[in-house]
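> Take these sequences, add in the hints, and give me the full structure.
Chains as they are written, first to last, in the UniProt record's numbering: chain A, 1 to 660; chain B, 1 to 660; chain C, 1 to 660.
Keep in mind that a hint or two might mislead.
Interface residues of chain A toward chain B, partial, derived using beta-carbon atoms under 7 angstroms [stated by the list, open to error]:
hint	residue
1	E174
2	V178
3	N201
No more than 30 angstroms apart at the CA atoms, straight line, and that leaves these computed lysine-lysine pairs for DSS-like [as the list claims (entries may be wrong)]:
hint	chain 1	residue 1	chain 2	residue 2
4	C	K164	B	K164
5	A	K48	C	K84
6	C	K164	A	K48
7	B	K94	A	K84
8	A	K255	A	K291
9	C	K163	A	K84
10	B	K84	B	K123
11	A	K122	A	K291
12	C	K163	A	K48
13	B	K164	C	K84
Since the hints were made in silico from the structure, they are not lab data. C-beta atoms are modelled at their ideal positions from N, C-alpha and C, and glycine is treated no differently.
The residues making up each chain are set out below.
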Amino acid sequence: MKVGVDYYPEHWDCEIWEEDAQRMQAAGITVVRLAEFAWSRLEPIEGKFDFAWLDDAIDTLGRRGIQVVIGTPSATPPNWLVEKYPDVLPLDNKRQPVYPGVRLHRCYNSPSLRRHTEIIVKKLTARYGHNPNVIGWQTDNEMIGNDSHSDAAISDFRLWLKKKYGDLTTLNREWGTVVWSGEYSEWTQVNTPLGGSPYQNPSFLLDYQRFCSDSVADFNRFQARIIRENCAGQFITHNLWGYPVVNDYYDLFDKMDFASVDYYPGTDLSNDSKSWIYHGALTHDLTRGIKRRNFWVMEQLSGTPGCWHPMSRTPYPGMIRAYAWQSVARGADAVVQFRWRSARIGAEQFWHGLHDHHGKPGRRFDEFARFSEEVRQLSAMLDGTTVVNDVAMLFSHEQLNALQIQPQSDGFDYLRNFKQIHHAFLRLGIGTDVINWTSDFSTYRLVVAPFLFLENDEVVDKLRAFASAGGTVILTTRSGVKNMTNVCLSTELPGGLRDLAGVVVEEYDPVGNDGQTLVLRGNFEAGCSQWCDILAPITAESVGDYTTDFFAGRTAITRNSFGKGVAYYIGTILDDEGYRALIKDVASDLDLAAFDNLPPGVELSVRSGSGKQLLFVLNLTKGKNELQLPVAALRSALTGEAITQPLVLEPMGVEVLLLQ
Amino acid sequence: MKVGVDYYPEHWDCEIWEEDAQRMQAAGITVVRLAEFAWSRLEPIEGKFDFAWLDDAIDTLGRRGIQVVIGTPSATPPNWLVEKYPDVLPLDNKRQPVYPGVRLHRCYNSPSLRRHTEIIVKKLTARYGHNPNVIGWQTDNEMIGNDSHSDAAISDFRLWLKKKYGDLTTLNREWGTVVWSGEYSEWTQVNTPLGGSPYQNPSFLLDYQRFCSDSVADFNRFQARIIRENCAGQFITHNLWGYPVVNDYYDLFDKMDFASVDYYPGTDLSNDSKSWIYHGALTHDLTRGIKRRNFWVMEQLSGTPGCWHPMSRTPYPGMIRAYAWQSVARGADAVVQFRWRSARIGAEQFWHGLHDHHGKPGRRFDEFARFSEEVRQLSAMLDGTTVVNDVAMLFSHEQLNALQIQPQSDGFDYLRNFKQIHHAFLRLGIGTDVINWTSDFSTYRLVVAPFLFLENDEVVDKLRAFASAGGTVILTTRSGVKNMTNVCLSTELPGGLRDLAGVVVEEYDPVGNDGQTLVLRGNFEAGCSQWCDILAPITAESVGDYTTDFFAGRTAITRNSFGKGVAYYIGTILDDEGYRALIKDVASDLDLAAFDNLPPGVELSVRSGSGKQLLFVLNLTKGKNELQLPVAALRSALTGEAITQPLVLEPMGVEVLLLQ
Amino acid sequence: MKVGVDYYPEHWDCEIWEEDAQRMQAAGITVVRLAEFAWSRLEPIEGKFDFAWLDDAIDTLGRRGIQVVIGTPSATPPNWLVEKYPDVLPLDNKRQPVYPGVRLHRCYNSPSLRRHTEIIVKKLTARYGHNPNVIGWQTDNEMIGNDSHSDAAISDFRLWLKKKYGDLTTLNREWGTVVWSGEYSEWTQVNTPLGGSPYQNPSFLLDYQRFCSDSVADFNRFQARIIRENCAGQFITHNLWGYPVVNDYYDLFDKMDFASVDYYPGTDLSNDSKSWIYHGALTHDLTRGIKRRNFWVMEQLSGTPGCWHPMSRTPYPGMIRAYAWQSVARGADAVVQFRWRSARIGAEQFWHGLHDHHGKPGRRFDEFARFSEEVRQLSAMLDGTTVVNDVAMLFSHEQLNALQIQPQSDGFDYLRNFKQIHHAFLRLGIGTDVINWTSDFSTYRLVVAPFLFLENDEVVDKLRAFASAGGTVILTTRSGVKNMTNVCLSTELPGGLRDLAGVVVEEYDPVGNDGQTLVLRGNFEAGCSQWCDILAPITAESVGDYTTDFFAGRTAITRNSFGKGVAYYIGTILDDEGYRALIKDVASDLDLAAFDNLPPGVELSVRSGSGKQLLFVLNLTKGKNELQLPVAALRSALTGEAITQPLVLEPMGVEVLLLQ
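Structure representation (structure tokens):
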């Protein structure tokens with residue numbers, strides 16, 4: 001377990017570095033990330049390098065026993081590079097340049113960017129690849145897609161398409177360009193989606209987004225190759241910015257050793273039960289699922305964010321510590337706070353760090369120091385543990401993108417709808433892994449595969465095999481609609497999943513915000529909205545019937561026995577209570593322990609391994625909460641003392657319980 | 001009476017064409033529209049033509065007794081054309097190109113577009129001008145204006161202005177360019193309104209919109225000339241997209257045989273009394289008024305629309321049939337459903353047709369088939385009938401445009417305000433024709449001429465003559481404000497209509513959303529908003545006085561005897577109840593039958609001719625409705641049976657009654 | 001005292017000029033502004049001038065005893081100039097031209113604009129510099145900043161920076177460009193903020209805004225130099241458009257003789273107590289503070305505004321007169337109505353003047369005529385008087401701009417927050433001068449210095465000296481945050497004002513719209529929002545403590561004795577009642593007369609001088625109001641009659657009382 005900070009020595013007089021390092025050491029900091037935006041300092045003009053300051057910074061930290069992660073600086077091409085090689089700049093969809101100054105001024109397809117990134121990364125890795133104070137590398141920073149319409153991007157896109165489709169005849173057929181006379185007769189007619197209209201061919205748009213994601217992943221792999229070559233024994237990671245993005249994070253991280261995430265929970269906790277708290281849990285579960293192993297938080301909330309936009313509320317007392325524990329609880333092996341000092345200069349002056357601008361430790365710093373000390377105490381217990389769950393949710397960046405290109409109804413949003421189901425499990429205290437939809441899920445007991453809008457035959461086969469062998473599957477509406485080229489299938493819905501679900505969709509009504517109701521198993525009334533499939537069960541039985549509108553009495557939700565297992569099909573978007581009731585039933589069938597009375601904002605998570613098992617109980621709210629845990633004798637790992645039930649949690653209270 | 005579908009054989013394997021034709025025949029379909037977006041299939045590369053597939057399609061349909069309307073494909077220039085002749089693309093008001101991909105990528109002023117349109121239309125008409133299965137032509141598709149700032153557009157605009165004004169001295173004077181030093185000293189200084197600012201000279205902006213409308217009309221006439229030359233015996237039409245648009249539809253259709261309209265009523269019927277239902281009636285009345293004869297619906301709602309935007313609700317059970325009958329009731333002689341099959345490919349995948357993607361007939365298809373069968377039964381009765389009314393509303397695309405350039409007050413919208421008055425007649429069961437404001441209206445008994453903002457002397461004269469001869473006229477506020485060049489008149493309001501109205505506007509208050517009240521004839525209180533004229537009656541009598549604000553007690557509405565007739569002047573925008581009360585009074589004076597208790601969403605229309613008279617009673621709502629008709633013995637044309645009163649209408653219920 | 005109108009003879013046939021002049025004379029008009037947009041009439045083509053019409057117009061007016069102010073026409077470069085010298089046009093931040101037609105089409109940095117402005121202004125001043133009917137000049141029109149990214153602007157910006165910083169090393173250090181690798185290695189890399197992103201370096205953005213303000217001021221000074229040279233004995237002014245703008249009006253007017261303002265109070269008075277009314281008072285106080293002397297209203301509301309945007313309500317009966325008196329009450333020595341006639345042509349047709357389009361005098365003209373007559377009666381009494389107050393508020397266009405670049409929290413807006421404090425004084429009947437924050441304020445008794453976000457050492461010193469010597473200072477939150485280069489200070493807040501305030505900010509919470517409460521002096525509860533400093537008093541005492549959230553019980557507002565004076569620090573944004581209660585206390589300590597019961601919308605102002613003292617009591621509302629004045633015997637200057645108390649004010653009632 002590591003605790004660290006992000007640090008920008010280049011922003012400060014070097015006179016204070018030593019004092020900073022000393023204070024870091026005193027606060028238990030063992031790792032620092034450096035240099036990820038420092039290209040203009042490392043290479044002030046083309047071909048002229050200056051590593052002296054970075055040597056000093058690493059040494060200064062090293063002398064205090066602090067290890068370093070270096071970020072490659074490719075996210076911020078310096079002015080000389082942009083001026084001399086303007087192809088570094090992306091062009092927007094009207095082919096106007098994106099100007100430098102705000103960190104987004106680089107086209108991943110630019111040959112000049114590639115060449116100069118190669119030079120600086122080679123220099124950096126050659127110099128620090130064997131530095132004992134340097135333990136690893138972060139590539140670039142928060143790569144969140146590419147939307148460049150430069151000559152290079154257009155040319156790369158054509159190559160990408162040639163590789164995928166071979167010739168224009170195939171491309172025209174697969175995309176259905178005949179619609180609106182869009183057939184290409186020459187490759188020179190094929191461009192990126194210029195003009196930015198959302199009306200364009202959806203097959204074209206989805207492939208373009210795949211190309212964008214691939215361009216980014218390729219740029220990341222290219223850096224990883226250089227680092228791997230020069231830096232044996234040092235790890236490689238990247239710090240992701242949370243979904244929704246165009247990027248396929250599974251691809252992006254395929255050459256990384258582990259995933260890292262930047263975690264900025266919302267500080268407005270006036271509505272404790274609202275999305276922010278749960279959003280964090282999903283972000284952690286998603287990040288852990290990328291490499292299916294523990295991860296780092298490379299930037300953790302340390303103060304109110306705010307810059308060009310208004311500042312949010314300052315973190316409530318206890319929040320810095322509690323949310324850092326949340327990261328650990330859900331699988332972080334390192335928590336790196338962003339940042340040590342609030343910047344005095346530049347656009348992020350008011351994105352507050354652990355210290356305010358005056359540099360004196362205050363309340364937020366003290367909370368961090370407490371967390372740091374607690375981690376030190378629990379370090380041995382945490383080593384070798386990770387989060388292991390019985391439930392997997394299949395996440396797909398391709399569904400996310402396809403459903404953004406064609407929103408299905410008012411309010412229908414892949415990520416929000418996905419999050420709502422994840423939330424239901426969280427409120428029931430049931431841990432979920434969130435994994436790539438195309439990966440292996442055979443070891444789980446329950447698999448939730450929502451919104452399989454684009455149909456992948458292999459995934460369909462795996463789901464069928466999983467259920468056959470005794471697993472339980474939850475499927476939902478808007479599945480089996482399209483093939484992977486974003487063309488509608490001619491099978492009845494839910495396409496290839498029909499026999500698994502045991503049901504066909506006779507008709508559907510995109511009800512949007514026109515709320516409807518249904519009744520679950522004849523006795524629990526719930527609301528639903530966005531979309532209503534009107535189901536005709538074949539082998540399935542109904543477990544939920546609509547009670548409103550012209551489809552009153554028709555089936556909304558089904559359960560189907562399939563081989564040794566079971567498949568549920570939810571033909572609508574339920575409200576929170578509806579999901580919770582349904583999932584509690586499913587969990588009960590599977591003998592998964594579920595809490596009925598977990599207060600809103602209280603989260604549970606278990607880390608286990610090497611014979612240890614730690615239950616984290618987090619009160620991520622501004623109010624006091626108490627709960628009755630279904631476990632007999634409990635001991636706090638933080639205090640060593642026995643816990644009496646009900647467990648009382650102060651605002652932002654954290655408890656870590658030894659289960660064995 | 002024809003029933004048909006829009007069909008895209010080029011989107012489907014030709015193996016299914018035969019089966020489709022067979023099913024169409026079985027469903028009573030007698031006409032199909034083809035090919036209006038198929039340029040890239042008809043001319044895959046420049047000068048190379050392929051009509052074989054279209055021959056086949058027409059033959060396949062013809063063998064089943066189905067006639068064909070061919071759409072000219074000029075709305076979608078293919079990629080080769082755009083690549084080779086980039087002047088085909090419009091430039092936006094910042095002179096950036098509008099890129100292909102979304103159907104709007106053609107500048108009507110482009111010489112290359114003109115030349116290549118000529119080639120393809122000549123080829124098409126030469127080939128099919130005497131094909132017995134082809135009964136007519138649709139030019140282009142939904143031409144909704146031009147807003148191109150290309151070299152050709154600018155040059156054409158200068159020519160247009162030279163023709164209208166002769167020289168710059170006149171132009172400068174008529175437009176009042178002296179304001180803000182906008183005088184032109186050379187023609188090269190005259191451009192289209194670059195930059196898109198709404199602050200520009202309103203005379204300039206209105207003439208530019210007229211030029212845009214003329215450019216489109218000219219492009220349409222140019223196609224009509226070719227078709228007329230090659231296709232004796234086949235009709236020519238165009239499918240209009242509803243107002244508001246820049247286009248003057250009266251000009252656009254001047255060389256067409258009849259008008260067609262694309263009709264997509266909103267499927268969200270949760271508020272039955274709201275605008276969608278009535279909007280349909282106005283659309284039909286407007287379309288019928290363009291050529292003052294029956295029309296076609298070239299695209300009729302067949303399923304939920306939705307594409308790049310979220311899908312709406314699916315049509316409520318019965319809606320497909322009821323709204324198709326609404327079209328017939330208001331003068332359609334053909335109803336062509338859009339479309340036969342939901343597209344599997346392209347941007348409009350979720351703009352649903354009669355069949356879902358799986359292609360199997362379902363509820364919506366059945367409703368259509370029922371409508372088709374009913375039309376077949378009533379066909380003989382419908383033949384030779386049309387809608388004849390005593391009331392005309394004068395519609396002006398020029399007022400619409402002028403009032404969009406200079407919105408008069410918060411909430412003031414020409415089309416919405418016009419629609420509200422039309423709605424009042426509809427709720428009273430009084431049929432209205434909606435006709436061009438400059439056309440002859442001497443045969444009507446009541447003429448409503450709202451918002452004659454731009455004053456046309458001929459129209460003023462005709463209104464005076466009409467009233468003199470015994471007609472009744474309803475005038476409104478914001479009349480007589482400007483001359484036709486969009487320059488304010490120096491006469492007191494309402495300008496040249498003062499003696500007809502018998503009133504002058506002493507002062508006005510653009511009250512916007514600041515609601516006011518008035519009292520009608522001393523006993524009916526109504527709300528008003530947007531605009532309040534404070535009237536000084538000269539020869540008129542007050543029929544409505546304000547009761548609020550500083551103008552309480554002043555006159556709001558007047559009635560003036562003029563020759564043998566009467567003129568009303570409404571100096572404000574009334575609420576729905578106010579309009580209904582006022583118009584009921586007017587109708588009562590004229591002995592026009594008016595319903596007092598027509599339920600919201602129930603519409604009446606009469607088709608008559610050749611000694612027949614059919615009363616359509618439509619319940620366009622999700623609820624059951626009943627009404628008492630003031631007619632004695634009634635027989636249903638649909639069932640042949642006698643009707644007992646009150647007439648009970650099921651949700652989406654349709655009744656067609658034989659009146660003689 | 002002068003009363004006048006803005007007049008555009010060039011828009012009308014010269015036949016009516018004589019009649020207009022006659023009617024003006026009859027209405028007591030003594031001054032007319034002419035020609036500020038007439039470049040194309042004065043110089044129809046390059047180098048060809050036509051002054052005959054302007055000679056005539058001036059003569060016609062002169063014969064009626066009406067004096068003339070000429071506006072230089074540089075705000076509207078004519079088409080020939082733009083066509084021949086396109087560098088006249090500004091480029092937007094994507095380097096696209098701003099097209100002519102809407103009055104904003106000139107780049108202040110353009111050499112061609114400068115050269116041709118010089119020619120026309122020299123010609124004009126040479127011709128009219130000694131015309132006895134011409135009393136003064138208005139430069140340009142409503143210069144509200146420059147946001148041009150033309151070559152000239154970029155080049156001027158580099159020169160401006162070189163002059164300020166000398167070299168790039170200094171620039172890089174002062175701006176902190178090291179953040180995100182933004183360091184410049186060549187001057188050619190320095191541009192204006194292209195692309196328009198709000199994310200850019202805030203030091204860069206603030207300097208760019210200063211440069212824009214300087215470019216405008218320089219253009220104004222350049223015109224003033226020419227006028228001064230040719231027009232001895234004639235005054236020079238400029239008509240400002242109210243804040244918020246980028247311009248530093250103190251710089252803009254430094255070569256002007258006095259300030260002028262264009263005053264268009266909102267006509268929607270449905271909420272009498274709302275901002276519009278008070279906004280006028282602040283506008284007047286700001287304008288008077290620019291040169292610290294009386295000013296002109298160069299454009300005064302005469303009818304509903306409305307053009308490309310919807311019209312507002314017509315001025316309520318009495319409003320024209322009452323708001324003209326408001327201008328006089330707060331220091332106007334001339335009220336020039338905009339405009340004589342409503343324009344029949346051009347974009348501002350519905351920006352109504354004193355006459356409607358028909359040109360006949362009506363209600364609004366009569367109100368103006370009454371005002372004009374009253375001014376004539378009071379003229380002798382008003383001569384030599386001005387507004388003298390004990391309280392100054394320090395206004396800073398630099399804080400305004402810096403706080404727009406980085407909004408601090410939801411709802412935090414410098415101008416609105418400033419206005420709210422000004423409003424509190426107004427409601428208490430306490431007159432306030434609003435002066436430049438860097439100017440001398442030693443003669444006041446109370447100085448309010450809110451939101452000194454950027455810290456100016458000289459201002460800090462002056463505030464300390466002022467309090468030392470016995471003055472009272474009110475400081476607020478968000479002071480001492482930054483240095484003048486927009487870089488955060490490393491001192492504890494409120495920076496250099498700490499000892500004056502006697503307090504440090506321990507922590508802060510940007511609460512935004514999350515409303516909090518506090519209690520003043522233990523007995524008055526008030527709301528607060530936007531921002532909460534948590535204060536640690538050093539030498540100060542608490543006068544307000546929070547009662548909510550985690551900072552309940554902590555100090556929000558302090559009072560500190562400092563030398564012979566006192567400093568208050570308000571660590572949050574109070575609600576209206578909170579400010580009023582606090583300021584009433586402060587006023588009471590200083591024995592400043594404060595009204596406790598002034599009805600909303602009733603404003604007081606005193607003009608005094610030359611042994612005279614006039615109290616203006618204005619009821620700027622649609623309702624009747626009455627108030628008890630704490631003065632014994634009162635006489636109306638308007639009627640000469642004695643006033644009995646309570647003073648009853650009719651809607652829009654105006655009373656002018658002789659105090660001595």
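> Among the hints numbered above, which are violated by the structure, and what are their numbers in rising order?
Hints 1, 4, 5 contradicted; others consistent.
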